[in-house]
Amino acid sequence: MTATLTPVKKRSALTKGQLPKAAPYIVLALALILGAAILALIGFNAFGWGIVSAMLFTVGLVGWSAAVEGSRRAKDKLATCLVVGAFLISLLPLVSVIWTVLVKGLPGLLDPGFLGTSMNGVTGAFDNKSVENGAPVVGGIYHALIGTVQITLLATVISVPVGLLTSIYLVEYGDDRPLARAITFFVDVMTGIPSIVAGLFAAAFFFAVAGPGTKTGAVAAVALSVLMIPVVVRSSEEMLKIVPNELREAAYALGVRKWRTILKVVIPTAISGIASGVTLAIARVIGETAPILVTAGFATSINNNVFGGWMASLPTFIYTQILNPTSPSNPGPSDQRAWGAALVLIILVMLLNLAARLVARIFAPKAGR
Amino acid sequence: MKASRFGRNAAIAVIAAGALALTACGSDNATNSTAGTPAASGPKVTGTLTGIGSSAQGAAMDVWKTNFASANQGAQVQYSPDGSGAGRKAILDGSAQFAGSDAYLKDDEYASSKAKCGPDGALNIPVYISPIAVAFNLPDVKDLKLDAATVAKIFRGQIAKWNDPAIAALNPDAKLPDLKVTPVNRSDDSGTTQNFTDYLSAAASDVWTDKSSGVWPASLKGENAKGTSGVVKTVTDTPGAVTYADDSAVSGKLGVAQIKVGNGFTTISADAAAKAVDAGKPVEGRAANDLSIKLDRKTTIEGAYPIVLVSFHVVCSTYDSKETADLVKAFENYVVSDAGQKAAAESAKSAPLSKALQDKAAKSIESIKAKS
Amino acid sequence: MTTTSLTTSRGAGRAGDKVFSAATLAAGCLILAVLFGVALFLVIQAVPALVAPPDKIQGGAGFFAYIWPIVIGTLIAAVIALVIATPVAIGVALFISHFAPRRLASGLGYVIDLLAAIPSVVYGAWGAAFLAREISPAYGWLASNLGWLPIFQGPASATGKTILTAGIVLAVMVLPIITSLSREIFLQTPKLHEEAALALGATRWEMIRMAVLPFGRPGIISAIMLGLGRALGETMAVALVLSSGALTASLIQSGNQTIAAEIALNFPEASGLKVSTLIAAGLVLFIITLGVNMLARWIITRHKEFSGAN
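Residue numbers (this note's numbering), protein chains in the order written: chain A, 1 to 369; chain B, 1001 to 1372; chain C, 2001 to 2310.
Heads up, a few of these hints could be off.
The list that follows gives simulated cross-link-like pairs (lysine to aspartate or glutamate, DMTMM-like), each with its CA atoms no further than 20 Å apart [claimed, not checked]: (1) C:K2018 with A:D175; (2) B:K1233 with A:D335; (3) C:K2056 with B:E1284; (4) C:K2056 with B:D1206.
Rather than coming from a laboratory, the hints here were simulated on the basis of the structure.
Bear in mind that the values here come from a model prediction, so they are computed numbers and not experimental data.
Model the full assembly from the supplied sequences, consistent with the hints where possible.
Put into structure tokens, the structure is as follows:
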């Protein structure tokens, strides 16, 4: 560390031994040209070009930096290249998935009546007609949208209080007691419950309590809660843990009660992370198919009552439309509806995310006052 | 503080408004149909009938329940295509009033059905016939003749190339390509696999040494995909691939093999399938009016197509309430009627029941009664 | 946390404290009760398969012979997913928290969160229809150039629907989970630590290695565990992508199967003992998760002294 303190001549002190500002661009240009040349030898494709050029760029920049700036700076450059590279790599499948959904989903979404009607009365005959004579694709996802919103809302109402209170217990009251340790451990185990098992458990529980054949949105909500609670606990626990102890101690020093401290100081400090965790938990379950299939039944018409009657949901709608098309011989319209529904589901989560951010902003303590 | 409180109220207001907007503007009338006139013959029925079962019947059930509900005001049917096993379980534990199943009840299931379905147990009524096609993706070949042993060899991986002498011998006129054979099977447990392997193990017993089963034998290596739509998609994407799938789902891009029956080759068709079903024998040891059918896969009847899936509705012979019994009778009567079978054929491309079978089914349905 | 001794005043607040702590305790116990219920349900339903004579179980060789290949298959898929997803996810989290321009960062975080929401059916359909087809030439290349490695032994699958493809799809699915949680943890690194490191002349990478990563280590492990939970239990995506079969060492041939997909593929048609067998498979998956979590706990406690928190 002391090596850098060697006094040097005045003006170049700050820039001596550094790469010129344009260095990355020069290396990038060289890497692209060299990459294209190499790819030309073994058969050109855009994807391979990108990969090869990225490798060449990393090697070139790090090598140059090591020669001029020394190994510490070179390591820093390497880390930067890897981190940015990781980000670019992660973008590939993500962009591909979103692009697929957009391209396949937009025609369905733009169909008149897609959002406003249910699948009630839509039979294979209509789909055959629309493929053979070009009639418009009928049927929509209104019933499934209502179902998803209600089931997920109910699941959230069940799991967020339970999950948040548990994480408060773990962080604030647990004191590493055996019970707290047991809860932490079993919450981790709970994240590994296969979703179908959660559904079967909820179905069996309600069969025992409310009689055979009880399938409603509420049963599905309980099944989803089993999947959701551990995610809420785990993420909020991490967020509560990193609230600085100084804040708590300051509140206690002012004579504030512990529960008031938690509600007014600890949770608001962590609310952004908690909201993000809850959104993640909702996102995790809103797309679940298997548990809803065995708990909520399969409806094609609108049901506004989450506590009675079978209920449709977007994931089960997508699943059945892809795997059991309304018209087996002409699956096109069903595919279109399925991808349209997938797009709607993504938009729904996007709105949810926005709402979570809004909540976080409203409840978070004002910074920098 | 004031600003944040305003923010909170605003957020709540927005959420409430959104929820209201969402519940206000939905319609169950997606097809712009005007309300049907209640024109049902027989007694007026009301209530909701719950069925669970086969996903193969899903498309047919869509049209049956729609037409039934529009013909009978106040009555409706809900059906969840969870799978045949789930459906049979549901009728045995009383959580559904009828089940759709790609196989009739097994003996032990029939015995336990007496707990919920009265002393005569449950009835199996055939409602949906679907011939299973052997579909292949060969760029220049559309017509192919195969016999049971060759089909079995293809799916066991014993025939590597499409121009194999075994195939060429059956198709002297076809120009068979030098292409790798890629058999594709169903990865999920299914009635289609059950019926297909049942055919192979009966008609080509010296080649197909595995027992018939809904699960593809694990010892065979090959490609697979989930669901009928999955295998059809995979085969459509892969030249040289061959699969078995419900005929309704096989698109025009794929070729469909003719199967050797007796001395001739049968092209797949609704009539040929119905003919094979009529040649089946009733299963012993069931209730008097039960219509479980044991198909004769080795049939030599001219023009019959023996690779066929018969899907049943499993109903109780005795229901607790008269209302339910009437509802079941009305619905099943519609399903096996000319109108019901025609509607299914139109929208799910299934093979209609033969007249003889329809009459037997109607008689069986008539025997359903309520607990007195 | 040794801060509980300061609450000695009287009045209404005291009842509030009692009620609140009791509520948190009750919530914790409720979770234990639910988990106990699930475990009980699994055991009761699974017992018939565990005690049945071997020839009644699918495959005819008993439950153990039925389950072990798919246990290995499950682990292979999950390991592939985590090996791919973890470094990339941590890289992405670091990029968003410490490298990207601030304004861009929040938008990127938003996009990544969004990806957790895409239903697994869609990932499955994407993997089966798009990824498998695009990636199968690469498998051909691997088979011909690295075929001497058992895991890349040819002939490569013609459809590309292999365990490696399934693992990649799983990696894409767990990526947003790990990223989202790690990002939040990295953002919470005390600014003072970071600034102190920079002030000592550390480069950005050295600052991250000395201040951010040690602070975030327990959180990262939690995040990975959450991702692992999803990878182990994922059903639909694997069921749609994988061309399943017997256990194979090669990752680029069709073959292998995971427990969750096995349940999903066979449950709808199952009846009688088959149902018990599948639920017993679920129980085994549950026990695997238990084991993996114990391992993770052990790692976390071993590294506790390095943790920067508090």
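How the hints compare with the structure:
no.: 1; hint: C:K2018 with A:D175; in the structure: holds, 16 Å
no.: 2; hint: B:K1233 with A:D335; in the structure: holds, 12 Å
no.: 3; hint: C:K2056 with B:E1284; in the structure: violated, 24 Å
no.: 4; hint: C:K2056 with B:D1206; in the structure: violated, 24 Å
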